[in-house]
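Engineer: Starting from the known structure of chain Z, arrange chains V, H and Y on it as the hints suggest.
There are 4 protein chains.
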Amino acid sequence: MSPPADPERPNADATTTVAELRKLVADFVDERDWSQFHSPKNVSMALAIEAAELMEHFQWLTTDASRRLVDEPEKLAAIGEEIADVVGNSFALANELGIDLSSAIRAKMVKNAVKYPADQYRGRYGPEDDEFAS
Amino acid sequence: MSPPADPERPNADATTTVAELRKLVADFVDERDWSQFHSPKNVSMALAIEAAELMEHFQWLTTDASRRLVDEPEKLAAIGEEIADVVGNSFALANELGIDLSSAIRAKMVKNAVKYPADQYRGRYGPEDDEFAS
Amino acid sequence: MSPPADPERPNADATTTVAELRKLVADFVDERDWSQFHSPKNVSMALAIEAAELMEHFQWLTTDASRRLVDEPEKLAAIGEEIADVVGNSFALANELGIDLSSAIRAKMVKNAVKYPADQYRGRYGPEDDEFAS
Amino acid sequence: MSPPADPERPNADATTTVAELRKLVADFVDERDWSQFHSPKNVSMALAIEAAELMEHFQWLTTDASRRLVDEPEKLAAIGEEIADVVGNSFALANELGIDLSSAIRAKMVKNAVKYPADQYRGRYGPEDDEFAS
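Chains as they are written, first to last, in my numbering: chain Z, 755 to 888; chain V, 755 to 888; chain H, 755 to 888; chain Y, 755 to 888.
The following block holds chain Z by itself, in its conformation from the complex (with noise of 0.2 Å):
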């Protein structure tokens, strides 16, 4: 599914850049002096918990209820929080590091798309046979 083209909704994601948001984080943790805690290790703690909160609003739903959710204003916008903590811990751990992003997604997705090829796993998520997926 595509990102939304409701004009009624935001879509700072058409004009923002990885960089500008990269900054905001560096910014954050520069004017804390967090960075001696930041250790790529202790970032990348943070964010797999973060991930675990995320997935906590998921728990106890059906896969079919969780795509109910974008009718749920307000727990979406829970949500989008949580989703904000992830990628700004990413951000976070790239900016320790020197990772240029976007680079790196567009490489993996280059990748995947090797390891997946679009005609094989059509409507298939793996090798397997998938009786069970959906």
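Worth flagging that the hints you see were computed from the coordinates, not collected in a lab. Fair warning: there could be bad hints in the mix.
No copy labels: a pair is met if it fits in one copy or bridges any two.
Computed cross-link-like contacts, DSS-like style, restricted to lysine-lysine with a CA-CA straight-line distance of at most 30 Å [what the hints assert, rightly or not]:
1) K829 - K869
2) K829 - K777
3) K829 - K865
4) K777 - K865
5) K869 - K777
6) K777 - K862
Structural biologist: Below, chains V, H and Y alone, put in the same frame as chain Z:
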């Protein structure tokens, strides 16, 4: 630490919008008709799993040793792939739920700034004494 | 659902104490002189990583399909190995910190029973309406 | 490090079988009719979330500092609750899937011993050079 200004290193982040990367992920999912598997619940699990794979690179290192990975290009490349997977899954989730990430991140950073005032948290990661931290 | 009473299936759990399994893990660590790597921080990371590997088996399944794995001996064996890793790392962490697990679990179950009174939470996983649950 | 022999400390692990603790968890679930939510998929998510909450206690500490928590009774009690949650959820998952944990753990430890021969891995956590480790 700010993103690298080294002219030798790629800095595609400076010119790449979040929407461009989101579209890359959305197209990948569409071409494989994987939206049927990409319920928010499932993608949140995929994201947490990728966060754990990223953490694996730092598992047995001291916090100091994890900083020295900036000088290990091969390890850095492998770590970059894992961060790409984490951010890619974050984009996939935002795509499924129609969340504008740049707005969400900016709003969360404002909230974090209120929660952790720079003058109170400078050099301290939490409200309690920090004798253990590093 | 209670543990299986099927006489064909092994039921070593009925006669194995927690201390016996903890000693198995402690001896393994001692024989390799791995306590130097087994700081509580590192073991907590190893544990979270194993929990993610366990989750991988259920990632693309519906909740219903995940129940049907009880009839898939091969997948069940693979899942059993991952649960073993999670519990083994929990024992390793309890060993490093000198925590008595049976006491901790009993105390936590009492606390949970107070938090989730059986008569209020029968058939409900949370205080809010549960229209989405399954 | 072996479990504590300190007579002042409880050592219920020495006399508690795994089956006893599993039954405690099974009864808790049965009394609330929660098996309907306890699909293996959902419990695996709950387990990973608890593992992250456990990790949170060690997130900003150095590896050395995390060892010193053995002398912090209050923090130790809080950590014990989180380990109890992780192991409790592991038992809940084993209950749902009918897996004998003691057999699974013993079998996995044998497999680990083959993978990591004591004489080759003494003092080394991996096959590569370990200059970074701690």
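Engineer: If a hint holds in the structure, say so; if it does not, say that too.
Structural biologist: Against the structure, the hints:
1. With identical chains, the CA atoms of K829 and K869 are at most 30 Å apart between copies only, with a shortest distance of 21 Å across copies and 35 Å within one.
2. Taking the shortest alpha-carbon separations for K829 and K777, both the intra-copy value of 28 Å and the inter-copy value of 24 Å come in at or below 30 Å.
3. Proximity of K829 to K865 under the C-alpha cut-off of 30 Å is restricted to the inter-copy arrangement: shortest distance 17 Å between copies versus 34 Å within a copy.
4. In the homo-oligomer, the alpha carbons of K777 and K865 lie at most 30 Å apart both inside one protomer (28 Å) and across protomers (17 Å), since each shortest distance falls under that limit.
5. For the homomeric pair K869 and K777, the shortest alpha-carbon distance between copies (19 Å) is at most 30 Å, but the shortest distance inside one copy (33 Å) is not.
6. For a Cα distance limit of 30 Å, the shortest separation of K777 from K862 qualifies both inside one copy, at 23 Å, and across copies, at 14 Å.
Hint compliance for this structure: every hint is met.
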